[in-house]
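Novice: Chain by chain, the residues:
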Amino acid sequence: MQTFQQEIQLPAFKRGFHLITHEILEGLPEISQLNAGLLQVFIKHTSASLTINENADPTVREDFESHFNVLVPESATYFKHTFEGPDDMTSHIKSSLLGSSVTVPITNGRLNLGTWQGIYLCEHRNYGGQRRLVLTAFGS
Amino acid sequence: MQTFQQEIQLPAFKRGFHLITHEILEGLPEISQLNAGLLQVFIKHTSASLTINENADPTVREDFESHFNVLVPESATYFKHTFEGPDDMTSHIKSSLLGSSVTVPITNGRLNLGTWQGIYLCEHRNYGGQRRLVLTAFGS
Amino acid sequence: MQTFQQEIQLPAFKRGFHLITHEILEGLPEISQLNAGLLQVFIKHTSASLTINENADPTVREDFESHFNVLVPESATYFKHTFEGPDDMTSHIKSSLLGSSVTVPITNGRLNLGTWQGIYLCEHRNYGGQRRLVLTAFGS
Chain U
57 MQTFQQEIQL
67 PAFKRGFHLI
77 THEILEGLPE
87 ISQLNAGLLQ
97 VFIKHTSASL
107 TINENADPTV
117 REDFESHFNV
127 LVPESATYFK
137 HTFEGPDDMT
147 SHIKSSLLGS
157 SVTVPITNGR
167 LNLGTWQGIY
177 LCEHRNYGGQ
187 RRLVLTAFGS
Chain P
57 MQTFQQEIQL
67 PAFKRGFHLI
77 THEILEGLPE
87 ISQLNAGLLQ
97 VFIKHTSASL
107 TINENADPTV
117 REDFESHFNV
127 LVPESATYFK
137 HTFEGPDDMT
147 SHIKSSLLGS
157 SVTVPITNGR
167 LNLGTWQGIY
177 LCEHRNYGGQ
187 RRLVLTAFGS
Chain H
57 MQTFQQEIQL
67 PAFKRGFHLI
77 THEILEGLPE
87 ISQLNAGLLQ
97 VFIKHTSASL
107 TINENADPTV
117 REDFESHFNV
127 LVPESATYFK
137 HTFEGPDDMT
147 SHIKSSLLGS
157 SVTVPITNGR
167 LNLGTWQGIY
177 LCEHRNYGGQ
187 RRLVLTAFGS
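Protein chains in written order, with our numbering: chain U, 57 to 196; chain P, 57 to 196; chain H, 57 to 196.
Among the clues, some could well be false.
Any copy will do: because identical chains look the same in the list, a pair fits if it lies in one copy or spans two.
To be verified - Derived pair list, reagent style DMTMM-like, types lysine to aspartate or glutamate, alpha-carbon separation capped at 20 Å:
#, residue 1, residue 2
1, K136, E82
2, K136, E118
3, K70, E121
4, K70, E86
5, K136, E63
Because the hints were derived from the structure by calculation, they are not lab data.
All of these numbers come straight from a predicted model, not from anything done at the bench.
Turn these sequences into a full structure, and let the hints guide you.
Specialist: Spelled out as structure tokens, the structure:
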């Protein structure tokens, strides 16, 4: 068994949900050396997150943004952590609802995703800036 | 260290939350060869998901279905991705709230779950059909 | 590649969100032996969970508690699984929203968390008691 690890920096994305499968594959080409294993993608931030979902229709990603704004509304009056702006505490909660990592099987040197699956960067802040990811692949 | 990987197909389950711990154990008997490791279960779909929760009282799984229908209601009027039916976009969101994989420790050849823990298939579609899982176990 | 695994017991925490990064590092000092790998932390319970979020301002953890009580209210009248008290079924659902494990990259013998990231125990019950975690680290 082998381990490959690489830290990469994404360009700044606007608030919303964005497909980044391609950026991840480019960031760790050693995935192709593994017959059977796993890739973990970890985001080193607490106001952006990662998930796996539909990779084809852009309105799916728009609907994610709409619904997460309903689930965690910036109009909530009970938040105490407000000094970084109304989009900060909501971003922390959205991040934990979605999670700070995704893990995908590797089979025959490729990510073994379903036909319609892609990896999303979920940018919850209005101006989140560049985000750092750690890519760790291992297997045999 | 060793890696074992197997892709399995579940029978079609009706919409709701279902215990599938047994199907997973049957799908990868090599778990018994690992003294210390992890099992990842990954679902290759974006409208069904996986989680770990209470394995005894069926009303817990019914209450999950009731509450997720409140958290992500099909009556929401702001969804744009509607051409696959009212249960499609809600299924995508529920899937990301719960996640497309679970990872469980393996200890002495067995899943090291708590007494009350089981693995759930969360079928969010009305007619989701058969679902494919990738089981990856590794360790020493 | 090597695997290290240890089961630890946390002291009872009150209902709410609590930083436990230090307890985890103390529980598996072998993390320092890994140049590149992953640590998984798994909780063996269905009414408490784990997540990664902001490690500095205590009001962030208070706001998590406030908002999860809104997302999964004990006043909901449709729950059938009620015989263990009003905080039980809600705890099961909160646990699955947040998840029963977190996985963090290990780089040069340390957890490769972002500056502001810490690991939270999310205690959803009023009196949850001691909680058991399984720590599994592997890599090279």
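Novice: A separate judgement is required for each hint: does it hold in the structure or not?
Specialist: Quick rundown of the hints versus the structure:
1. In the homo-oligomer, the alpha carbons of K136 and E82 never lie at most 20 Å apart, since the shortest distance is 40 Å inside one protomer and 31 Å across protomers.
2. Proximity of K136 and E118 under a CA criterion of 20 Å is satisfied inter-copy only: 8 Å between copies versus 28 Å inside one chain copy.
3. Proximity of K70 to E121 under the C-alpha cut-off of 20 Å is restricted to the intra-copy arrangement: shortest distance 11 Å within a copy versus 28 Å between copies.
4. For the homomeric pair K70 and E86, neither the shortest alpha-carbon distance inside one copy (29 Å) nor that between copies (40 Å) is at most 20 Å.
5. Taking identical chains as interchangeable, the C-alpha atoms of K136 and E63 are never at most 20 Å apart, the minima being 33 Å within one chain and 35 Å between chains.
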